[in-house]
Amino acid sequence: MTAALTISNLQKRYPNGVEALKGISLEVAEGDFFALLGPNGAGKSTTIGILFSLINKSGGSVQIFGVDIDENFPLAKKSIGIVPQEFNFNVFERVIDILVTQGGYYGLPAALSQQRAEKYLQKLGLWEKRFDRARELSGGMKRRLMIARALVHEPRLLILDEPTAGVDIEMRRSMWDFLREINVDGTTIILTTHYLEEAEMLCRNIAIIDHGLIVKNSSMRDLLQQLHTEVFMLDMATSLPPSIALTGYSCRRVDDHTLEVDVDKGQTVNQLFSLLSEQGLEVSSMRNKANRLEEMFVSLLGPAPLEAVDES
Amino acid sequence: MNPNEKWVAFYTILIKEIRRYLRIWPQTLLPPAITMTLYFVIFGTLIGSRIGEMGGFTYMQFVVPGLIMMSVVTNSYSNVVSSFFGAKFNNSVEELLVSPVPNVIILAGYVMGGVSRGLLVAIIVTCLSLFFADLEVKHFGLTVAIVLMTSVLFCMFGFINAVFANNFDDISIVPTFILTPLIYLGGVFYSLDLLSDFWAGVSALNPLVYVVNGFRYGVLGVSDVDVGFAFAMLALFNVVAFSFCMYLLNTGKRLRQ
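As given, the protein sequences belong to chains C and S, one line each in that order.
Each residue of the first sequence is one higher than the last, beginning at 1 in the UniProt record's numbering.
Each residue of the second sequence is one higher than the last, beginning at 1 in the UniProt record's numbering.
Quick list of in silico lysine-lysine cross-link-like pairs, BS3-like style, CA-CA up to 30 Å:
(1) S/K6 - C/K119
(2) S/K6 - C/K142
(3) C/K216 - C/K22
(4) S/K6 - C/K123
(5) C/K129 - S/K88
(6) S/K6 - S/K88
(7) S/K253 - S/K6
(8) C/K142 - S/K88
(9) C/K119 - C/K142
(10) C/K289 - C/K265
(11) C/K289 - C/K216
(12) C/K22 - S/K253
(13) C/K129 - C/K119
(14) C/K129 - C/K142
(15) C/K123 - C/K142
(16) C/K216 - C/K265
(17) S/K253 - S/K88
Anything over 12 Å on all C-beta distances counts as not near chain S; from chain C, calculated:
(18) G23
(19) E181
(20) V231
Derived, one-sided and incomplete: chain S residues facing chain C with beta-carbon distance under 8 Å:
(21) M1
(22) E5
(23) T12
(24) K16
(25) N90
(26) L97
(27) V98
(28) R256
Think of the hints as simulated: they come from the structure by calculation, not from any bench.
For glycine and all other residues, C-beta sits at the position ideal for the given N, C-alpha and C.
Only chain C is shown next, with the shape it has when bound in the complex (with noise of 0.2 Å):
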C-alpha cells in the first residue's frame, strides 16, 4: 500500500539563518490516525506549512500518496484537506459561499460544490447557518466551518493544525467522534495538537518533534508502554489515618480523603488495591493524576519550557 505522506530528510532554514528542520524523515501510513506533536517552535508548524505549500522547503522530499510535490504538487495538492491553526476565511462572506468557491478551487462544478457543502455542513451542525456571515459564527463554528471547507473535495489526506484550540469540551467530544468517522471511513489523518489527552485518544501513531529533529516516532501503544510510572490519584470513602504503609509503593497523603501513589511498570494496581483493602481501606474512584501522554511528552522533553525557535 503507498504510504498516504513520506517525508526524507526535510530541511527548513529560514532566511534569518534558524534552521527550523533539520532533516527529518517521516512516513504516514494510508488510513491512519496521526499525530504530530512537539513544543512550540519545536518544527511542526513548519513541517505543516511545507505540505500547506505556504513555506518554501530548503531540502528534502515529500511525497503524498506517492507524489512528490517537487515533481507535481498541484496534483499532490488535491489529495490534501488542510485545517489551518488561524481563521482563514473571509468572514464577510457567506458560510455556503465559502464552501461552494473552494470546491471551485479544487475544480468541482458548482452543483457538485453546493450537494458537498449541504453534506458536511449538515455532518458537522452548521447547515443551519449557511445563509450566515462568517464573522457571525461562533469560535466553535468557525472551527468547524474549516473542518467543512478541508472536506468540501473529499482528500484522502486530512491535516489539521491544533483543530479544537479554543473550543469547549462539549463540541470538541462531537469534533472527536467526527473525526474518528471519517477516519474509519478512509480518510488519512494527521493531527497537531497541545491537547495531549486528545492525541492519546484518537490518533494510533505518533511522531514528537523537537528542535527540528524527530524524537520519538511510533505506535502510541508502544510509546505508553514506555512510560516507567503512572501517578495515581485515589479518592477515598472515609478518611486516611495519619500514616499510610504501601510496600513497594510511593505514596503521598495529599488530604484527608485523598491519597497519590506512584505505580511504577511492573506492578499492578489490584495488588495496591489488595494493601489498601488490607489495611481498611475503601477507594471510592480513581484516576490518573496527568495524561498518559503527558507525562510520557515530559519524560521525553524535559518539564522546563523549551527556548522557543522563532519561525518568522
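Following the hints, put chain S in place on chain C, whose structure we already have.
Quick look at chain S alone, frame taken from chain C:
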C-alpha cells in the same frame, strides 16, 4: 488540473470577485458615477462653455473620453489592490495558495474580476456622459481593445501593489501619489499641443498619455500621439507587468515563506 477544472477555478475566482464588488456597490460603483457627473457638470458644462473648442471638438466632447478612461484606470487598479490585499490581510489568500489552482489562473481570475468592474464603471460613466455630450465612436474595435488592455494593465499594477503592501496605507499611497498625478497630467483635461516643447516631452514619459489619447482616438478620431505607438506601448507595458506578476506568484515572494 485538467482544462475543465482550470476553467471552473477561473470562473470561481471571477464570480467571487464580482460578488465582492457588487456586495459593496456603494463603495465601488456609486462613487465613480457621482464623481464623474461632477466632472461633467463642472469641467464640461460650467468651465468648458467658457473654454470653447479643443482639438476641433467642444470641450465637453474632448474631456469625456479621458474621464471614462480615468474611471477605468482607477477602478481596475483599486479593485485588485483592495481585494487581493484584503485576502492577504485576513489570510483567506491561503485558500487559493494551498489549492491546486495554477498561478496563471489565480492572476487571470483577479485581473478579470478587476476588468469586469472597470468595464461596468466605464459603461455607467459613458451612459452618464450622454446626458452632457453627443458621442459617436469612430473606431469601435480599437476603442474596446484600448479599454481592455488598459484595464488589464492597471489590474496587474494593482496586483503588484497588493503583493508588496504591508498595511492599508501602502495600498493608498500608489493611487494617491502616483496614479492620480499621472492621470491629471496625462492629457485628460487638455491637449498636449497647449504645452511647451519641454513639458510635451516630459508628458511623453507618462504612460497615461498613451492610454487617454489611444482611447480618445477610438472615440473622437483625434489624438496628440501616434496611435500605433500608443498601442505598442500599452502592449509592452502589459507584457512586462504580466511577467513580473508571474514572477511574484511563481517564486512566492511576499506570499509564501
